[in-house]
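All chains, please: the whole structure from these sequences, using the hints.
4 protein chains.
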Amino acid sequence: MCVHNETSTGVTSDIAAVRRAMDAEKHPALLMVDTVSSLASIDYRHDEWGVDVTIGGSQKGLMLPPGLGFNAVSQRALSASAQARLPRAFWSWEDMKGPNANGYFPSTPATNLLYGLREAISILHEEGLEQVFQRHWRLSEATRRAVGAWGLELLCLNSAEYSPSCTAVLLPDGFNEVEFRTIVLDHYNLSLGAGLGKVAGRVFRIGHLGDLNDLMLCGTVCGVEMGLARFGVPHKAMGVAAAMAFLKESASVSAS
Amino acid sequence: MCVHNETSTGVTSDIAAVRRAMDAEKHPALLMVDTVSSLASIDYRHDEWGVDVTIGGSQKGLMLPPGLGFNAVSQRALSASAQARLPRAFWSWEDMKGPNANGYFPSTPATNLLYGLREAISILHEEGLEQVFQRHWRLSEATRRAVGAWGLELLCLNSAEYSPSCTAVLLPDGFNEVEFRTIVLDHYNLSLGAGLGKVAGRVFRIGHLGDLNDLMLCGTVCGVEMGLARFGVPHKAMGVAAAMAFLKESASVSAS
Amino acid sequence: MCVHNETSTGVTSDIAAVRRAMDAEKHPALLMVDTVSSLASIDYRHDEWGVDVTIGGSQKGLMLPPGLGFNAVSQRALSASAQARLPRAFWSWEDMKGPNANGYFPSTPATNLLYGLREAISILHEEGLEQVFQRHWRLSEATRRAVGAWGLELLCLNSAEYSPSCTAVLLPDGFNEVEFRTIVLDHYNLSLGAGLGKVAGRVFRIGHLGDLNDLMLCGTVCGVEMGLARFGVPHKAMGVAAAMAFLKESASVSAS
Amino acid sequence: MCVHNETSTGVTSDIAAVRRAMDAEKHPALLMVDTVSSLASIDYRHDEWGVDVTIGGSQKGLMLPPGLGFNAVSQRALSASAQARLPRAFWSWEDMKGPNANGYFPSTPATNLLYGLREAISILHEEGLEQVFQRHWRLSEATRRAVGAWGLELLCLNSAEYSPSCTAVLLPDGFNEVEFRTIVLDHYNLSLGAGLGKVAGRVFRIGHLGDLNDLMLCGTVCGVEMGLARFGVPHKAMGVAAAMAFLKESASVSAS
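Chains as they are written, first to last, in the numbering used here: chain A, 1 to 256; chain B, 1001 to 1256; chain C, 2001 to 2256; chain D, 3001 to 3256.
It is possible that some hints are incorrect.
Over the 10 Å line for every Cβ pair with chain A, so calculated as not near, a few chain B residues [said to hold, decoys possible]:
#1 Leu1086
#2 Ile1121
#3 Leu1124
Listed next, the in silico DSBU-like pairs over lysine-lysine satisfying Cα-Cα at most 35 Å (straight line) [said to hold, decoys possible]:
#4 D:Lys3026 x D:Lys3236
#5 D:Lys3236 x A:Lys236
#6 A:Lys198 x B:Lys1097
#7 C:Lys2198 x D:Lys3236
#8 A:Lys97 x A:Lys198
#9 D:Lys3198 x D:Lys3236
#10 B:Lys1236 x B:Lys1248
#11 C:Lys2097 x B:Lys1236
#12 D:Lys3026 x D:Lys3097
#13 A:Lys248 x D:Lys3097
#14 C:Lys2097 x D:Lys3236
#15 A:Lys198 x A:Lys236
#16 C:Lys2097 x B:Lys1248
#17 A:Lys26 x A:Lys198
#18 D:Lys3248 x A:Lys236
#19 C:Lys2097 x D:Lys3026
#20 B:Lys1198 x C:Lys2248
Simulated from the structure, these hints should not be mistaken for laboratory data. All C-beta atoms in this analysis are idealised placements derived from N, C-alpha and C, irrespective of residue type, glycine included.
Laid out in structure tokens, this is it:
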């Protein structure tokens, strides 16, 4: 089991490499991947990468309210499920298989969200999935340029695994992220992500997934930069300029 | 386990009597009740009737889109759950207990529906719960008067258990409910409930719960009566008149 | 100047005949027609009938909130306007002509309603304009059958001019329409049209235009019939039955 | 007749001073003021300033879709209107006076917008009108700091008349505002205001009225700054920094 985009750390895993490693060992395990914070914002290939079970949700890259979850299930996983002896109820796929083949559900689905999903998918295809993924990478790189210019540290150390949908930033020792986020929310109506698990208290997160463009990101980066000043975090007030410089230069490239 | 309002048969169970019978036998079982098709349309008392687990949903009497489920859980059920050894994941209350105490959730809730729920509850209280329950009983009785006047049979034989939220009607032998409902849907844009389980093919159901008033019910009854004629079901075309007669007479009473 | 569908009396005028009469007299007047309560519910031909100025609104047959008005203007009317010496400001077409040629407006339009208008027109075309007009005629005839069965009188005496979008009904002497409509609104949440002008106090009106189907009309007729009983108006309680009989028989015809 | 906030130039007029000048001359003219782009974003006093007719609209400071216009009319203006002999139809207040006294309208109003208006007014009062006006002044000053830092010129030369709702900026000779705005719209999805009248081609306008906060303004200023670079307009890329500096310093002040 692994997470495609690890939202608490801002790390995107190389799922294809995980599968290659499993195959190299001829390991019989099924591969299950959580794409909640990557689906429709970061390129992902259930079939091509040999994933057995993919899990997603409606409320991030798909730009919908929360309320829908998705399972993509390989034939291998379905077979394993048929033979498994673990007691199951909610998590069983059996009830779903029959009605789903005809586009129905074994119980009442969140109908309104299904209409929203149809429109969300249409919006994504109008832009083009390649363009959507490229947009998120650009916005994430602009965010990282801002973090670097502030003199702060990214939690993710391996640049090959930077997340296009979420950037986790370390605050210097002595500065608590909960207080920082409260100040930013109260003064700028900007909701930053909390530090989770081991890095609670030390890390805040900037989300840049879903329906987001250059100026929405600029506003976000401005809010963080003003918040750092207000909270007294030592930093260089050059983050916004760095983000804008990258947005300008990368837009030129993409236009050529 | 029992169902407060049995939607497939149009029967409302006497939950308090179930509890009294259990108590008379000093039976240690927990009492679990499904209120999906009764909550907020039929009077129900989780605490007063000594229910241990009550289950409800957003999409019927609460007049919301589908997407929210509710659990009301007694202290006894929580204690039993703490000692139970059945493997649980989704159905476990443990994760919910902590955050719920402060109005939060262990995972992302269907936020938009929570706003809708607040408004739905406010609408119900504006009318008054007693008035809401009385309204549904009146509309259900008008429906039954129509059924009787048509010369058709109710599936529910015990008048003490007639459902205020849903009426199940038997079609005469040789008339299939699926074809009947299709004709009514196609010609009158009226969606009747299907026969379920043992009575599939023989029973159709008229829902009269949630946001419904006298004239919406009248339109419904007119649609069924015209559908019976169109499908060639032997009946007396007196159902609408009977429903209206009852609505007139019962409104006079309630106004006095 | 004339009104295509006279909403206070439930009379639809024969606009083509008006034009023919004007032409027969070689009368130079421009012909101006109000289609507020007919547009998109009753067949109307601005060009074919030789109308010079047609006025319409968004809030009836077009099924939109109120807020948009429409002018269709013949070349003859534009020329007359160019030479007219009547002082004009709001009613002048001059400011509109330039920007309108490119789909723009000289001042800020009610933008949101324009999006709604696009969808409304699409809904009308999905059904087909012929079908829309036929539907309204059917529903109006069912309404008139109800009125006749009640033993009440239509205000419109010439059956060739019955309105497909609105039926005006005379109450017997001694029964005030304002009180009647108040009772119907209070008890059945059904808003009937007021008597206007000369027939104020004596006439109530049943609207049946826009987004309306058989069962919505049935609910309406039921509400009027129950209201007549409640207000003590002498009538035969056969109106609903007559409306349903016609809806059944005319649907059979249209389905063949 | 004058305009409270002149949207094409970004100038707010001192209406009270206009009235004092008129009074000093004992001039009998009525004073009519257009508040379309100031109402609910800039302090305005119809009664206190002795204005006779105030005109407003729904689509700017009131944060509604376009579709409602407002007239506030003094007793003096009503009397003058009663004696005036200018032909009037749409602009006459006579039809409105009767029904308006009871909260009604002589013709069908844009009902949906009236519900929106009620909510908009409630939102404004929750924040407090003083706070709303102060917020717009702060955001406008941040905008002007950005313009100054870019080395561009404001069209409004008198600092006492700077508009809190709209800032008009001169582009250097040789740079056309239409092309500039097109680039900004295409690359940043930011819609700047056109140069109007005499300054068409030379002036672009930044709107900062209605529902706007610090970060939305920051995003706007970032978009203009990136657009200036992209269009090759000579400027110092210090506007965003200047706006942020002011927002930080003024927020500190207002918090104390």
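Hints, one by one, checked against the model:
no. : hint                  : verdict
1   : Leu1086               : violated (7 Å)
2   : Ile1121               : holds (19 Å)
3   : Leu1124               : holds (20 Å)
4   : D:Lys3026 x D:Lys3236 : violated (50 Å)
5   : D:Lys3236 x A:Lys236  : holds (19 Å)
6   : A:Lys198 x B:Lys1097  : holds (22 Å)
7   : C:Lys2198 x D:Lys3236 : violated (73 Å)
8   : A:Lys97 x A:Lys198    : violated (39 Å)
9   : D:Lys3198 x D:Lys3236 : holds (27 Å)
10  : B:Lys1236 x B:Lys1248 : holds (21 Å)
11  : C:Lys2097 x B:Lys1236 : violated (62 Å)
12  : D:Lys3026 x D:Lys3097 : holds (29 Å)
13  : A:Lys248 x D:Lys3097  : violated (57 Å)
14  : C:Lys2097 x D:Lys3236 : violated (44 Å)
15  : A:Lys198 x A:Lys236   : holds (27 Å)
16  : C:Lys2097 x B:Lys1248 : violated (57 Å)
17  : A:Lys26 x A:Lys198    : holds (33 Å)
18  : D:Lys3248 x A:Lys236  : holds (15 Å)
19  : C:Lys2097 x D:Lys3026 : violated (42 Å)
20  : B:Lys1198 x C:Lys2248 : holds (33 Å)
Of the numbered hints given earlier, the model fails hints 1, 4, 7, 8, 11, 13, 14, 16, 19; all others are met.
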